[in-house]
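Quick note, the sequences are listed as chains A, B, C and D, same order. Position in the first sequence counted from 1, then plus 1016, gives you my numbering. Position in the second sequence counted from 1, then plus 1016, gives you my numbering. Position in the third sequence counted from 1, then plus 1016, gives you my numbering. Position in the fourth sequence counted from 1, then plus 1016, gives you my numbering.
Note that these hints are calculated values from the structure, not bench results. These numbers come from a predicted model, not from an experiment. All the given hints hold, so there is nothing to weed out.
Because identical chains share one entry, a pair is satisfied inside a single copy or across any pair of copies.
EDC-like cross-link-like pairs, simulated, lysine to aspartate or glutamate; straight-line CA separation at most 20 Å:
| id | residue 1 | residue 2 |
| --- | --- | --- |
| 1 | K1163 | D1024 |
| 2 | K1126 | E1146 |
| 3 | K1126 | D1137 |
There are 4 protein chains.
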Amino acid sequence: MTAPAPRDSKWRARVEASFARQAFMRHLGAEMSHVAPGAVDITLRMTPDLTQQHGFFHAGATSSIADSAAGYAAMTLFPAETGVLTSEYKINLLNPARQATLVARGRVIKPGRTLTICQSDVYGIDETGEVHVATGLFTLICLPGMKD
Amino acid sequence: MTAPAPRDSKWRARVEASFARQAFMRHLGAEMSHVAPGAVDITLRMTPDLTQQHGFFHAGATSSIADSAAGYAAMTLFPAETGVLTSEYKINLLNPARQATLVARGRVIKPGRTLTICQSDVYGIDETGEVHVATGLFTLICLPGMKD
Amino acid sequence: MTAPAPRDSKWRARVEASFARQAFMRHLGAEMSHVAPGAVDITLRMTPDLTQQHGFFHAGATSSIADSAAGYAAMTLFPAETGVLTSEYKINLLNPARQATLVARGRVIKPGRTLTICQSDVYGIDETGEVHVATGLFTLICLPGMKD
Amino acid sequence: MTAPAPRDSKWRARVEASFARQAFMRHLGAEMSHVAPGAVDITLRMTPDLTQQHGFFHAGATSSIADSAAGYAAMTLFPAETGVLTSEYKINLLNPARQATLVARGRVIKPGRTLTICQSDVYGIDETGEVHVATGLFTLICLPGMKD
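Next comes chain A alone, as it looks inside the complex (with noise of 0.2 Å):
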């Protein structure tokens, strides 16, 4: 997709003061690490209350922060006025999730009025280099007069 364009002057500040309010990801430690139109990526260093029985990113955790940056990818070309709201997504979990860092990369895929489809990807980063650990494909609505 080339250059999607943001409807809303305010877009950046929107979608940071909405993620700012986003207690979980606070709970998490997750950071907003890159925002650019119809692009947000978030960040997750591994803490041992992130873990599932083996050790690894519990699929939770690291799902959690795809569905945030895809939902703010969507957000940043969102009117003024809007809500954001995740109607369905899925994920395959591709490599163990046992790195240092994950990064989750959301992106626009094809953007709507009403709904707005995102792929968001997780790798995990650490002194050898990324690996992807997990690619999913999100439905998000805008909700008008919900605003964020």
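Got chain A sorted already, so can you dock chains B, C and D onto it with the hints?
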């Protein structure tokens, strides 16, 4: 599906011990509230830490308990000396999750030697009754030698 | 879900007329075998034209009737002067589809003004009984003005 | 993913012979238009037989070629004496498929001994260019002994 039979006499102890090692479930405050062959429920009480920007449960929190319920429902039917990993899932978020308590009900639809397919439904519960908050389909993989 | 109510007195005629215009269903040999509010079944008899390389029903044939069953189940609850399109779906193929007849049972899980979520289960039927061949989740969109 | 390597010198002949046995692809009029390690394209020309009620390609036709493209992309990397089955997939329909020709581009994202994950994107092509009609994620299973 009629009466799935565990293949390991210690299935319940293994499932409970593995869940106790999921630090992420503890970090969310989730509890395993029902365990039977092919069926596991996980319960999560609302706290401010679990919310997204509108004050509802974050889709990531909802999905995380749906995933653990599906995974442990599958594991009740796995042989000894095996582990469980989520291969992929898809979830539809049906209604805002703003109730006092969520319960995820993971059920085995199709057991298999390598792949087990589960459905997981999440309900929001408060004094007025139950709301169907989410429904998902999960593929779990049985890993011989990767003891849970 | 209890007793979904059609919003258009001509719902049955509209659904049947729209199905009759789906040339692709005719090309496969599929028939609408049950129609009720929030529920549509579509039946497909095995012919050599529908097979993949092992002689089973091709996943595409199985999915096609699951999709039409879900779409028309949703449409039974749509207002007059609207059309239905599939926004997305996910399907798990549970068992080889090698029976004489497939029936896809589409059921509305969550009706909505814009988005309706359906489950569609496909069963293979022969003289020995029913096999659960596939299960899927579908998001249908209601399009005002796009008359079906 | 860089340079996936086939594990069977006869991979191309096996893939082409298996596709030739998919009677369903022939029934739709689909052709395999590109075959390389980890990548298969399938092309489908519009005919009235393939339409839904608005005259677009039926989602089932679009999904069917996306599924075969993903399955054969996976099979290019499978060892000899194995077969391929679709375990599950999810597809988002992004734009109406009303172009003269569809091409589904199946690509391996993550090869594996048992499970291979593919992305399949479908484009509608006419004199004005390409439209991104659908995107999907597919899990394929490699079955030793089930010769394709």
